Amino acid sequence: GESVGLHLPTLSVQEGDNSIINCAYSNSASDYFIWYKQESGKGPQFIIDIRSNMDKRQGQRVTVLLNKTVKHLSLQIAATQPGDSAVYFCAENTGGFKTIFGAGTRLFVKA
Amino acid sequence: DVKVTQSSRYLVKRTGEKVFLECVQDMDHENMFWYRQDPGLGLRLIYFSYDVKMKEKGDIPEGYSVSREKKERFSLILESASTNQTSMYLCASEDTGELFFGEGSRLTVL
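Chains as they are written, first to last, in our numbering: chain A, 1 to 111; chain B, 1 to 110.
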């Protein structure tokens, strides 16, 4: 029979606006967090990471915020561009070999 | 730049067929991984390898096996493909926590 997958959370923003993508992680022992971007037809690509001894890290147009108290991670994209349209995954790692991925958020950028 | 190459982008197989998915990385990374990606479920780890001839089960190893005969090559094997293995398969190599992914292999099992 037909199987129906879960729907991805989506975020739609106007070009030029800032985007905030949120993620709740599961393991309080996780000490390394990464955001990946996956464009259509491609594998995920690293955007930015943060270790648990930090609460904020900035890259080029992107900022990651970590709130360990509530186990929350966010990715902020400044001046969102059409090329930012993609699925964004947060991922957590406890220092071992396994990286645990979230379900992903689809970002649509309206021109 | 790290390059992870998956040899087949699209495959269509029949139920019961044996399927090989090949992955090669060119950065001499120790660790390699196979994930499957399904809508709304994110990436789920099937198997990983931290050295030649070494392998560890991930979260969903049932119905799969792997082979790591050379450091640069990590193969995923479906001994007898089933329709519920229709999915996108992603190979990755890892360096200090960062995963480098291939473009993916979309497998359809009829």
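For the record, the hints were derived by calculation from the structure and aren't laboratory data.
Check before you lean on any hint, since a few could be wrong.
Unchecked claim - Keeping only pairs whose Cα atoms sit at most 25 Å apart, straight-line, the calculated BS3-like set for lysine-lysine is: (1) Lys13/B <-> Lys98/A; (2) Lys13/B <-> Lys37/A; (3) Lys71/B <-> Lys3/B; (4) Lys37/A <-> Lys53/B; (5) Lys42/A <-> Lys53/B.
As the list claims (entries may be wrong) - Computed footprint of chain B on chain A, listed as stretches where at least three residues anywhere in the stretch have a Cβ under 8 Å from a Cβ of chain B: (6) 18-31; (7) 34-45; (8) 104-110.
None of these values were measured; they are calculated from a predicted model.
All C-beta atoms in this analysis are idealised placements derived from N, C-alpha and C, irrespective of residue type, glycine included.
**Prompt:** Any hints this thing doesn't respect? Which numbers, in order?
**Reply:** Hints 1, 2, 4, 5, 6 and 8 are the ones this structure does not satisfy, whereas the remaining hints hold.
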